[in-house]
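Based on these hints, arrange chain U on the given structure of chain Z.
Residues per chain, in single letters:
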Amino acid sequence: MKLLVIEDEQGLRENIMSYFNDGNVCESCATLADAIYKLSNYDYDCVLLDIGLPDGDGFAVLDFLKKNKKDEAVLIISARNSLDDKIRGLNIGADDYLTKPFHLSELKARVTSVYRRKTTNGNNMLVFNEINIDLPGRVVSIKGSPIVLTRKEYDMLLYFIANKGKVIAKNAIAEHLWGDEMDMHNNFDFIYTHVKNLRKKLLDADCKDYLKSVYGIGYKFLAE
Amino acid sequence: MKLSEQYTRASIIIAVTVLIIGSIIYFFTINYIARTQLDNDLGEEIEEVTAYINTNHHLPKQLDFDEDITVFIKTNKIELPVRYFDTTYVNPKEDESQPGRAVSGLVSLGNQHYEVVITESREATEYLIQFISLITIGLMVVLVFILFLTNRFILNGLWKPFYKTLIEIKSFNISDDKNLELIDTKVDEFNELNTAVLTMSSNVKSDFQNLKQYTDNASHEMQTPLAVITSKLDMLIQDETLKPEQYGQINDIYAATNKLARLNQSLLLLVKIENNLIDDIDTFNLNTLVEDKIKQFNELITNKKIELEVNLSPKEITASKYLIDILLNNLLSNAIRHNVFGGKLIITLTEDQLAIKNNGPPQIMNTDTIFERFQKSNKSEGTGLGLAIVKNICSRYKWKICYSMDNELHIFHVDFS
Numbered sequence: 001m002k003l004l005v006i007e008d009e010q011g012l013r014e015n016i017m018s019y020f021n022d023g024n025v026c027e028s029c030a031t032l033a034d035a036i037y038k039l040s041n042y043d044y045d046c047v048l049l050d051i052g053l054p055d056g057d058g059f060a061v062l063d064f065l066k067k068n069k070k071d072e073a074v075l076i077i078s079a080r081n082s083l084d085d086k087i088r089g090l091n092i093g094a095d096d097y098l099t100k101p102f103h104l105s106e107l108k109a110r111v112t113s114v115y116r117r118k119t120t121n122g123n124n125m126l127v128f129n130e131i132n133i134d135l136p137g138r139v140v141s142i143k144g145s146p147i148v149l150t151r152k153e154y155d156m157l158l159y160f161i162a163n164k165g166k167v168i169a170k171n172a173i174a175e176h177l178w179g180d181e182m183d184m185h186n187n188f189d190f191i192y193t194h195v196k197n198l199r200k201k202l203l204d205a206d207c208k209d210y211l212k213s214v215y216g217i218g219y220k221f222l223a224e
Numbered sequence: 001m002k003l004s005e006q007y008t009r010a011s012i013i014i015a016v017t018v019l020i021i022g023s024i025i026y027f028f029t030i031n032y033i034a035r036t037q038l039d040n041d042l043g044e045e046i047e048e049v050t051a052y053i054n055t056n057h058h059l060p061k062q063l064d065f066d067e068d069i070t071v072f073i074k075t076n077k078i079e080l081p082v083r084y085f086d087t088t089y090v091n092p093k094e095d096e097s098q099p100g101r102a103v104s105g106l107v108s109l110g111n112q113h114y115e116v117v118i119t120e121s122r123e124a125t126e127y128l129i130q131f132i133s134l135i136t137i138g139l140m141v142v143l144v145f146i147l148f149l150t151n152r153f154i155l156n157g158l159w160k161p162f163y164k165t166l167i168e169i170k171s172f173n174i175s176d177d178k179n180l181e182l183i184d185t186k187v188d189e190f191n192e193l194n195t196a197v198l199t200m201s202s203n204v205k206s207d208f209q210n211l212k213q214y215t216d217n218a219s220h221e222m223q224t225p226l227a228v229i230t231s232k233l234d235m236l237i238q239d240e241t242l243k244p245e246q247y248g249q250i251n252d253i254y255a256a257t258n259k260l261a262r263l264n265q266s267l268l269l270l271v272k273i274e275n276n277l278i279d280d281i282d283t284f285n286l287n288t289l290v291e292d293k294i295k296q297f298n299e300l301i302t303n304k305k306i307e308l309e310v311n312l313s314p315k316e317i318t319a320s321k322y323l324i325d326i327l328l329n330n331l332l333s334n335a336i337r338h339n340v341f342g343g344k345l346i347i348t349l350t351e352d353q354l355a356i357k358n359n360g361p362p363q364i365m366n367t368d369t370i371f372e373r374f375q376k377s378n379k380s381e382g383t384g385l386g387l388a389i390v391k392n393i394c395s396r397y398k399w400k401i402c403y404s405m406d407n408e409l410h411i412f413h414v415d416f417s
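Chains as they are written, first to last, in this note's numbering: chain Z, 1 to 224; chain U, 1 to 417.
These are calculated hints, taken from the structure and not from any lab test. Note that CB positions come from ideal geometry on N, CA and C, so glycine has one too. Hints are not guaranteed to be accurate.
[Claimed, not checked] Selected chain Z positions facing chain U (in silico; Cβ < 7 Å):
#1 GLY11
#2 LEU12
#3 LYS100
#4 PRO101
#5 LEU104
#6 VAL167
#7 ALA169
#8 ASN171
#9 PHE190
#10 TYR215
#11 GLY216
#12 ILE217
Looking at chain Z on its own, in the form it has when it is part of the complex:
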């Protein structure tokens, strides 16, 4: 996947770049002018767009893409948690809207999902080694035989696969599953239960044990 990160905050930009730097081609820029320049010269699969740029409004990028009939998937990362901005962004062609601060794992899950929606034409199967996921039907099969997952377990599995090979903090998982409005107050017993159940179901279906617990911080879904 070829990715363009438009973000003026250097620290954040670098982190996004290095987090996505496994099998993806990442480019970045910090200003609106650079972004327009890059987008008019190259094609990308996905654009991460910060709305508040030093030399202008990030919405201009969306307008530019629309005017030039470019079909990059766009994910807005904005500091403004404003309903108006969200609606406006989604109306003029953005595919998703993420409010700062966010976990990199959340960002990656969203980008993967947006990218998948843009690229797959009808064939909406996600294949990871022996795990086969029919996305529209929400059916998970291991080595051809389907297993039954609860909604949370299913969401969690997709989230882990999108972030395979990364250590994910428990609070990032909690925010993903329950949303950030619902204050879990660092009560992560739920996650433990859900992870335990998911792992058991996968193992029962003769799946390799991908889920590793990283003591004290969270979990890791092995990439191989």
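Okay, now just chain U, sitting in the frame of chain Z:
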């Protein structure tokens, strides 16, 4: 009461009072003048009688003098002062009695003294007075009527620009882009008022814009560093050589960052609610939303083995779905978080109120300060803004939120009326 109505009332009361007092004085004056006139006439009659007797040396025949009735009574009195008095006049031709005025005096024929009494009909004078009174009353009624009409139509017309301005001010919406449409009038005061209102509204609007800008900027400026911290931590934990103690430290930083982000968002939300920046009004079923929320919190509820009792009757409300979602989130998460293991949670929705009752700490919280910012129990891990937000959302929709405690249950209820 409207100004014109008040003015009309006052002016009519004053006019009527003045007219009544005036007509009473008028009536007595006319009466007095008429009577004086009559008395003068009668005085002249007496003189005529005296003159007649002096010339002709006999008493005049009765009815010799006009329509008046003259009576001579022999008397021994030598002196009798001239006296005027009211009496009854009997018209000899028609033989009917009418009010009359009489004069008595003394005349002498030779050595014989006579008391002479001349009676005159007062009917003509009475008639005149009645006529004048009638005209006066008629004039009074017409005057009051005209006064009423004038006040009603002319005054209302005069005040029209004022009411137009008032309507514009009432419909003034601070977040609206359009300016007030005020009409020019011939009245200086109203023009001044319009200018003042226009200046004020544009000042308020520009202040409001600044505030909005500030809210946005503050949000942006604080959220980005928080995003940097979170992403740095996300990267840091990828290093699996870290020791559990270090992970523990990182977890604490995560928690603090998370709390800071929440706090920031809550503060911004408060500012937004207080300044009516959220105006996505929708009509929806509150009972459905509450049901959804309960489903969302289901895991937390079962985890604490909370006994849930839900009683929802259909209730439609018109409000921002976003805000109501936050309101329910805050109330429910409090009711669960502060609940005891195996405690009760009773949610009741009726046509006029939403009540959430839950077990919790045995002692009642301070009812005066519970809805104020940063008022929280020491053990609470919340931001201390949840209930302040709830209160602001309620007052935004003119609902009433109350806290009380009954039978070990903490009760929050929202009155919609």
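These are the hints, each one checked on the structure:
1. GLY11: This hint holds: GLY11 (chain Z) lies near chain U, its Cβ roughly 4 Å from the closest one there, short of 7 Å.
2. LEU12: holds (5 Å)
3. LYS100: With a closest approach of 4 Å, the LYS100 (chain Z) hint holds.
4. PRO101: holds (4 Å)
5. LEU104: Result: holds, 4 Å to nearest chain U Cβ.
6. VAL167: holds (5 Å)
7. ALA169: Holds. Min distance 6 Å.
8. ASN171: holds (5 Å)
9. PHE190: This interface hint holds because 6 Å falls under the 7 Å limit.
10. TYR215: holds (5 Å)
11. GLY216: holds (4 Å)
12. ILE217: holds (4 Å)
Consistency note: the structure conflicts with none of the earlier hints.
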